[in-house]
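Input sequences plus hints: build the corresponding full structure.
Going down the list, the sequences are from chains C and B.
Numbered by our numbering, the letters in the first sequence go through residues 1 to 159 in order.
Numbered by our numbering, the letters in the second sequence go through residues 1 to 133 in order.
Please keep in mind that the hints were generated in silico from the structure rather than gathered at the bench.
All of these numbers come straight from a predicted model, not from anything done at the bench.
Check the hints yourself; a few may be wrong.
To be verified - Far from chain B, by Cβ distances over 12 Å, these chain C residues were calculated:
#	residue
1	Leu112
2	Glu131
3	Ala134
4	Leu142
As the list claims (entries may be wrong) - Capping the alpha-carbon separation at 30 Å, the derived lysine-lysine pairs in DSS-like fashion look like this:
#	chain 1	residue 1	chain 2	residue 2
5	C	Lys56	B	Lys18
6	C	Lys41	B	Lys2
7	C	Lys41	B	Lys51
8	C	Lys157	C	Lys110
9	C	Lys110	B	Lys51
10	B	Lys18	C	Lys41
11	C	Lys156	B	Lys51
12	C	Lys56	B	Lys51
13	B	Lys2	B	Lys18
14	C	Lys41	C	Lys156
15	C	Lys104	B	Lys51
16	C	Lys104	C	Lys157
17	C	Lys157	B	Lys51
Think of the CB as a built atom: it goes at the ideal place given N, C-alpha and C, for glycine as much as any other residue.
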Amino acid sequence: MTSERFQAVYLPLSETLWQVAFYILEDSAEAEDAVQELFLKLWNGRDALDSIRSPKGYCITLLRNLCLDRIRRASRTVIPEVLPDPPVEGRQDDAVDQRERLAKVLDAIKSLPDRQRQVLTLRTLDGLSYEEIADRTGLNYLTLRVLLSQARTQLKKMI
Amino acid sequence: MKTLEEIEQLSAEELEQKATESPAAVPEGLRSRLRMTLAAQEFLAGEEAEKARPVRWFPYATLATAVAAATLLVALPGRGPKDTFDDPLLAYAEVEKAFQTISDKMSVGVDLVREAGATAEIPQNTLHKIQIK
Chain C
1 MTSERFQAVY
11 LPLSETLWQV
21 AFYILEDSAE
31 AEDAVQELFL
41 KLWNGRDALD
51 SIRSPKGYCI
61 TLLRNLCLDR
71 IRRASRTVIP
81 EVLPDPPVEG
91 RQDDAVDQRE
101 RLAKVLDAIK
111 SLPDRQRQVL
121 TLRTLDGLSY
131 EEIADRTGLN
141 YLTLRVLLSQ
151 ARTQLKKMI
Chain B
1 MKTLEEIEQL
11 SAEELEQKAT
21 ESPAAVPEGL
31 RSRLRMTLAA
41 QEFLAGEEAE
51 KARPVRWFPY
61 ATLATAVAAA
71 TLLVALPGRG
81 PKDTFDDPLL
91 AYAEVEKAFQ
101 TISDKMSVGV
111 DLVREAGATA
121 EIPQNTLHKI
131 QIK
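Here's what the structure looks like:
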């Protein structure tokens, strides 16, 4: 599924999905986190999304499972009397590292000036060419390249 | 108070219906933040792909060798002909010498090719003789 189609089909569901997450989790920030997690899962597996007949039903089912997992994880988080063995290095560490890197990049994107953020999103997420971005933003080619380069440098510093 | 089991038993449609019966206010800019999250994810994926790509060292090695060779040629004293002359006669003489050198080398090359041709003809002639017999 192309980025354009993904954004046309799945992003408009975000508000409804947040309502569902909020209904289950009863916490606004937690609900947003769950929706974010869902969208990352969908995005990473977007090649397989073309075969989904009911995107909304699919998303709600996935989201419900994610929310229930969160509740179960939270209820298990009690201080143990005996400290468990340290986890084996590998996939779990990689996943944590990945989440931390993503959080850092996300913070960096949020802190970018508006124009840099807009250009970066259009290029990275929407996959637009420089000409298309120039048409859409009214920026000239050189300014566009400079803004994009500055944004990327800023993000690379963060990871 | 809803339980996890109740939530698990609801269909997607029922869950949506219950969630939107008395809707809470969706945080402002949710969609925009989601777009940013996806952009961050895509940026990271791009960076990782970049890191995973093997370094194409061959062009750099070739370039470095060429630069080193050129530096040696220029830096070593007495190597190579002088390339500018104040006196046109000297310049002409130098060009003539250069052509003579090329010609000598080519003559040697041509002789070598002739020699190789003659050597190559030996088995061919032998085969020819065998066929005639």
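Each hint tested on the structure:
With a least beta-carbon separation of about 10 Å from chain B, C/Leu112 fails to lie farther than 12 Å from that chain, contradicting its non-interface assignment. Every CB of chain B is more than 12 Å from the CB of C/Glu131 (nearest about 20 Å), matching its label as outside the interface. For C/Ala134, the requirement that its beta carbon stay farther than 12 Å from each beta carbon of chain B is met, with the minimum near 19 Å. Listed as outside the interface, C/Leu142 is consistent with that label: its C-beta sits roughly 22 Å from the nearest C-beta of chain B, beyond the 12 Å cut-off.
A hinted pair counts as satisfied when its Cα atoms are at most 30 Å apart, and C/Lys56 with B/Lys18 qualifies at roughly 15 Å. Distance hint between C/Lys41 and B/Lys2 is fulfilled; the C-alpha atoms sit about 27 Å from each other, no more than 30 Å. Using a Cα cut-off of 30 Å, the hinted pair C/Lys41 and B/Lys51 holds, with the two alpha carbons roughly 23 Å apart. Taking the CA atoms of C/Lys157 and C/Lys110, the gap is near 14 Å; set against the 30 Å cutoff, the hint holds.
Pair hint C/Lys110 plus B/Lys51 holds up; C-alpha atoms about 24 Å apart against a cutoff of 30 Å. Our distance criterion of 30 Å between C-alpha atoms is met by B/Lys18 and C/Lys41, whose separation comes to about 24 Å. The suggested pairing of C/Lys156 with B/Lys51 holds, with an alpha-carbon distance near 12 Å, which does not exceed 30 Å. With a C-alpha separation of about 36 Å, the suggested pairing of C/Lys56 with B/Lys51 is violated against the 30 Å cut-off.
Between B/Lys2 and B/Lys18 the CA atoms are separated by roughly 11 Å; this keeps the pair inside 30 Å, and the hint holds. Between the alpha carbons of C/Lys41 and C/Lys156 the distance comes to roughly 23 Å, so the proposed pair stays at or under 30 Å and holds. Simply put, C/Lys104 and B/Lys51 have alpha-carbon atoms about 18 Å apart, close enough for the 30 Å limit, and the pair holds. For the hint pairing C/Lys104 with C/Lys157, the CA-to-CA distance comes to about 10 Å; that is within 30 Å, so the pair holds.
Taking the CA atoms of C/Lys157 and B/Lys51, the gap is near 15 Å; set against the 30 Å cutoff, the hint holds.
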